[in-house]
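S.K.: The primary structure of each chain is shown beneath.
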Amino acid sequence: MKATRLISIDDLDAEDLALVLDTAEVMDEISARRIKKVPTLRGRTVCNLFLEDSTRTRLSFDIAAKRLSADVMNFSAKGSSVSKGESFKDTALTLDAMGVDTVVVRSGSSGAPLQLSQYLDVPILNAGDGWHQHPTQALLDLYTMRSHFGHLAGLTVTICGDIIHSRVARSEIEALTLAGATVRLVAPDTLLPTDLSAWTDGGNVEVITDLDDALGDSDVLYLLRVQRERMHRAFFPSTREYHRLYGMDARRLAALPDHAIVMHPGPMNRGVEITPDVADSPRALITDQVNNGIAVRMACLYLLIAGSEVDA
Amino acid sequence: MSRLLDADDIRRALRRLAHELVEANHGADGLVLMGIQTRGVPLARRLAANIGEIEDVEVPVGPLDVTLYRDDVASRPPRALADTRFPVDVDGTTVVIVDDVLFTGRTIRAAMDAILDVGRPDAIRLVTLVDRGHRELPIRADHVGKNLPTALAERISVRLAEIDDVDEVVLEAVPTHDPAPAGESGARA
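Residue numbers (my numbering), protein chains in the order written: chain A, 1 to 312; chain B, 1 to 189.
Errors might be hidden in some of the hints.
Computed beta-carbon distance windows for the label pairs [what the hints assert, rightly or not]:
hint, chain 1, residue 1, chain 2, residue 2, range
1, A, ASP96, B, ARG15, 54 to 62 Å
2, B, ARG76, A, GLY150, 55 to 63 Å
3, A, SER87, B, ARG76, 34 to 42 Å
Computed footprint of chain B on chain A; a stretch qualifies when at least three of its residues, placed anywhere within it, have a C-beta under 8 Å from a C-beta of chain B [as the list claims (entries may be wrong)]:
hint, stretch
4, 11-23
5, 34-43
6, 299-306
The set of hints was computed from the structure by calculation and includes no laboratory data. Just so it is clear, the structure is predicted and the values come from calculations on it, not from any experiment. Glycine residues also receive a C-beta, built at the ideal position from the N, C-alpha and C atoms.
Please model the complete structure; the sequences and the hints are all you need to start from.
M.R.: Structure representation (structure tokens):
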């Protein structure tokens, strides 16, 4: 792999992207074994620096590192000196002094992983930063789509919901266009970025405001969580209205082509962007996404840490 | 560059190795052939086909990639991983590791660890087409196609029709300023 960090999907080219997905397939086989562990990263230390709440991403990185036999340090803002006011830089220098081999960082502040990479000389893996990027989420989503359809190029993926606050959407758009898929965004105007061109980088992206117009020819309907914690003023009148206009329910599921699938990065607001019957239907691959997250993160850790002693 | 074995030599060696395996195992019962990626894989398939003809049975055969078990993960650039697939549960079987070139023994150490991680075979055996010497670990092959003592500065390349369109084993001198690319048979591995 040419990339030496994964802060944004931008760090990967099409070849690296394919390598990550191919490697994840092999990692998947390990998770199916009785002894779900290989000795590859024995003696390496992975620090999970989680400055913002997370369930699945933190657990997933934790399991991924352990299945590769790495030592794992879990570090969260609560219960650490961060809550005493220690600066981000001093926290980084402490990690450096302890000799970590890689840092997985989650932060509510966009750009925190990039800043960390300026203090530390080890591969940095972004586990989600503010409104910016969540690259491993996009990679596990692409892996899930590729496993289901056998390919990515030519797929039409409709991403619906809170685009502007969504680091997942940003990473998703970049990764899907890099893989040759067509991306379609559906959202109320208030939840779309004012200048979409900065997000799409010339990729094949279209915007539709009515969800019902987007269903008929979508291969994947990707629902985003309504991120109330990032909304400090009203972006839409009520969750009921949002649900009526942009929520996925049984009627809209029936309007999708028979082969189409529904995805959601979690955590779900059941009854807002997705109804429980859709979330629990066999056409929703939401638990597959969580499961695939382990293999994809194993692949990322392996590709970034292995060979780190080779002089470039 | 000189050719040490041609297609007929390889065919005869594999035929003999198949007979030796069956004789040592008192038949083909319980044998599982695991070919080490990359060129061990077609060799294992050919051996399985030979044993099948001799004993009139179908021998389970699968590919084994040992990259995740290597002891030099840190000092080599990460490579694309190839498939590992155990065709049957290995508990109680005799797993035969099949590789093209036996050199330092480190690949075989990694292969044994990979096999023991998925189960507890009764025995693990090693078959190699070429043994070129220079072992760094206390490992030896149970059955060898051809012993070819070499100098460290030389490189043995096994080429197989399934991958290289030709069956042959050749000896090449490695220029000191240009070490063998990773993964090349007989590169220091």
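S.K.: Given a hint of 55 to 63 Å, does the C-beta separation of ARG76(B) and GLY150(A) actually sit inside it?
M.R.: violated, 31 Å
S.K.: With a Cβ-Cβ cutoff of 8 Å, does the stretch 299-306 of chain A contain at least three residues near chain B?
M.R.: Satisfied; 3 residues make the cut.
S.K.: Tell me whether the statement that chain B covers the stretch 11-23 of chain A is true, taking a Cβ distance below 8 Å and needing three residues at minimum.
M.R.: Coverage by chain B holds here, the residue count being 3 at a Cβ distance below 8 Å.
S.K.: Residue count check for the stretch 34-43 of chain A against chain B: does it reach three with CB-CB under 8 Å?
M.R.: That given contact holds, which follows from 7 residues of the stretch 34-43 of chain A lying within Cβ reach (below 8 Å) of chain B.
S.K.: Could you say whether the range 34 to 42 Å given as a hint is met by the Cβ separation of SER87(A) and ARG76(B)?
M.R.: Given a distance of about 38 Å, which is inside 34 to 42 Å, the answer is holds.
S.K.: Holds or violated: 54 to 62 Å for the Cβ distance of ASP96(A) and ARG15(B)?
M.R.: holds, 59 Å
Of the hints listed earlier, the one the structure fails to meet is number 2.
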